[in-house]
Amino acid sequence: MTLIKIIETFKKKLNASYVLKSLEKAADFYGEPDNDSEINNPGVITKNSPYGDPARNFAKNLGSEDIFRNGEVPLIKLTNVWKIYQMGEIEFAALKGINLEIYEGEFLIILGPSGSGKSTLMNLLGCLDIPSKGTVCLNSKDISELNESELAVVRGQMIGFIFQSFNLLPTLNTEENVLLPMEFQEENRQIARQKASYLLEIVGLSDKKKNLPSQLSGGQKQRVAIARSLAVNPPIILADEPTGNLDTKTGDYILEFLDGLQKSEGKTIIIVTHDLELIKYATRIVYIRDGEIEKIETCKEK
Amino acid sequence: MRQSTYLKMGLNMLVHSKLRSWLTIIGIVIGIGSVVGILSLGDAMQEQVQSRLAEMDLTKITISPGYTKASSNMPGFPGMRGSSTDAELTDDDIEALQGLDGIQYIAGQISGSESVIYAAQNATISITGVDPQVWKYMTTLKTQSGRLLEPADKYVAVIGSGIASGVYDQEIGVNQVININGKAVRVIGILEEEGERGDRSIYMPIDGAVNLLDDAEEGVYDSITVKAKSEDLVDGLMEDIVNKLMVSRHIIQEDDRDFSVTASKSMAESVTEMTSSMTLFLGAIAAVSLLVGAVGIANTMFTSVLEKTKEIGTMKAIGAKNRDILMIFLFNSAMVGLVGGILGDILGACVSTLFPMLGLQMMRGGGSSDIYLAPDLMAFGLILAVLIGVISGVVPAYRASKLKPVDALRYE
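In the order they appear, the protein sequences are chains A and B. Okay, so the first sequence: first residue is -17 according to my numbering, each after it adds one. Okay, so the second sequence: first residue is 1232 according to my numbering, each after it adds one.
Among the hints, erroneous ones may be present.
[Claimed, not checked] Derived DEER-like restraints, expressed as beta-carbon distance ranges:
1) 1633(B) <-> 261(A): 36 to 46 Å
2) 1633(B) <-> 97(A): 38 to 48 Å
3) 1537(B) <-> 271(A): 27 to 37 Å
4) 1537(B) <-> 200(A): 17 to 27 Å
5) 1518(B) <-> 200(A): 49 to 59 Å
6) 1633(B) <-> 74(A): 17 to 27 Å
7) 1581(B) <-> 70(A): 49 to 59 Å
8) 1249(B) <-> 256(A): 30 to 40 Å
For the record, the hints were derived by calculation from the structure and aren't laboratory data. No residue lacks a Cβ here, since even glycine has one placed at the ideal position from N, Cα and C.
The task is simple: from the sequences and hints, build the whole structure.
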């Protein structure tokens, strides 16, 4: 089965082609953190979603981790993963035999102090890097066997990235930044524009479409980054310290938003952080220290 | 990713690029401007030479006294003959040559400068004494008024247009009388404007001229002009003339040779050759500046890749393939080349227009000041600029495309 087919099958199975009401709910809940543009009638937005029929709400199916974990194949599976860096003559193991399974619809927080190896782990989960030893399987496919081009396809279609320092392209305006992942996937231009408008509306930045990142506040930038991460509607959202550069209120807004994505959309949210405040959103917490998993905590109640 | 997206991204990079990129573009502008400008000037020069050659009588062979090896190597420049000589060309030489096949006309001529008085004004003017029997068949000169010399003429003159109007306050017309060395000479014709020294020459029958020019002697010529029956015969005829004169002048060794034979055809060829080599030489200098421009692009692209490392990492993280990154940077450097090419073409047009204005009229065909920049040359300039942009951008773009996303994202 070709890689594209695997991805397509996976997407169908997850039926992740919907950005649902929870997005607006999250926005509504906290209001606009920076007095940005008002979000339009949420119902209207979802009804007109270019991502498809909003009626199907997967939240009920994904409410309990027990349901989706029950007998299913993990979405991401790390088996005895080592990442060793050569520093001159010294070998440094950033990850030492990590075993981890991540399932669809989880809100997983990888928690650890700096230097614990969590960023290295994130790179592997995001297919940005391959392990020195062991296997990282995404939907049962070992990513070590993929070439750079295939990894780019996987990243582009299955993973939405949110970075601590936003990583927006400074020369592209807000709309172009959101359009970019769709350009890489050669999405139809008209549809891509509709999707970008929709996503920017959802994150409350419709009136900032033509603004360059330098003309936005930190919170606004991160919301653009979220809109960008959702552009191709990937099943996995991978966030590296997404609130690290934001004030508490804006940070909470972002997390509520991600929480909404997980609950209503069934997206798998993986957050790498050292901030204990974030654990309240998690369905599972992976504590990592010195390149090893210290413990894994399952949160029954969120 | 689509080609149009590459184009858009490349253009976006260019528009938002720093001063450095624009300075790089200046390098290309100068390079393309000078190449296009010089080639355009070269074209104009070539065209000028060609038009002159078309007017030229390519069947003309000139025999003159004196000979050096240098002169044989540079037939186009008989004036550069190194040694002065006591050798003379006489009627005997003409007689010796008359029997040669391929000669249509042969005539000796004398020349010198004398003071010419007209309307109480004195000027020193070059006078050429020609054989009126054949001159009108041998010369390519045409009169704008009056007539050329006829066999019966003696103390009459055909004057260049520059003398008719320009040397004296009062214009000289046909049938006016000028005074050469104390002798009254009637003007019977005024030549068409030539744009060269010919405009300031007086032509008169050799029989009259021999009495007016100092040092002139009857039966002794400053040069002998031969008109070949056809252009194809010129080379063979030149050889025959040399051989014949060697014998008739009793010269055995090449070193003792005391006459030169030059053909306007070989002169034309050497002028053409010289024009091309000059264009080539100047073009080579311009090409060097283009090379410097190309290195500038490569340098800027490398810096740009370094500067955009994190952006490259981000693009790769959100789905850009190596090929996408490669193409975005290639399109950007092609764009730098294209903008440089467009501005370079404009500069080239300015160069080829300004040069003649600055007085270098010979470079622009008689000093016409119209802008001349052939569309194909402009297209060549543009294509060359884009090509240079792409070639200079290949290595930096390749490097950018090969960056590992994880390393690129970590780059600060």
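Verification of the supplied hints:
{"no.": "1", "hint": "1633(B) <-> 261(A): 36 to 46 Å", "verdict": "holds (39 Å)"}
{"no.": "2", "hint": "1633(B) <-> 97(A): 38 to 48 Å", "verdict": "violated (28 Å)"}
{"no.": "3", "hint": "1537(B) <-> 271(A): 27 to 37 Å", "verdict": "holds (35 Å)"}
{"no.": "4", "hint": "1537(B) <-> 200(A): 17 to 27 Å", "verdict": "holds (26 Å)"}
{"no.": "5", "hint": "1518(B) <-> 200(A): 49 to 59 Å", "verdict": "holds (51 Å)"}
{"no.": "6", "hint": "1633(B) <-> 74(A): 17 to 27 Å", "verdict": "holds (24 Å)"}
{"no.": "7", "hint": "1581(B) <-> 70(A): 49 to 59 Å", "verdict": "holds (57 Å)"}
{"no.": "8", "hint": "1249(B) <-> 256(A): 30 to 40 Å", "verdict": "holds (36 Å)"}
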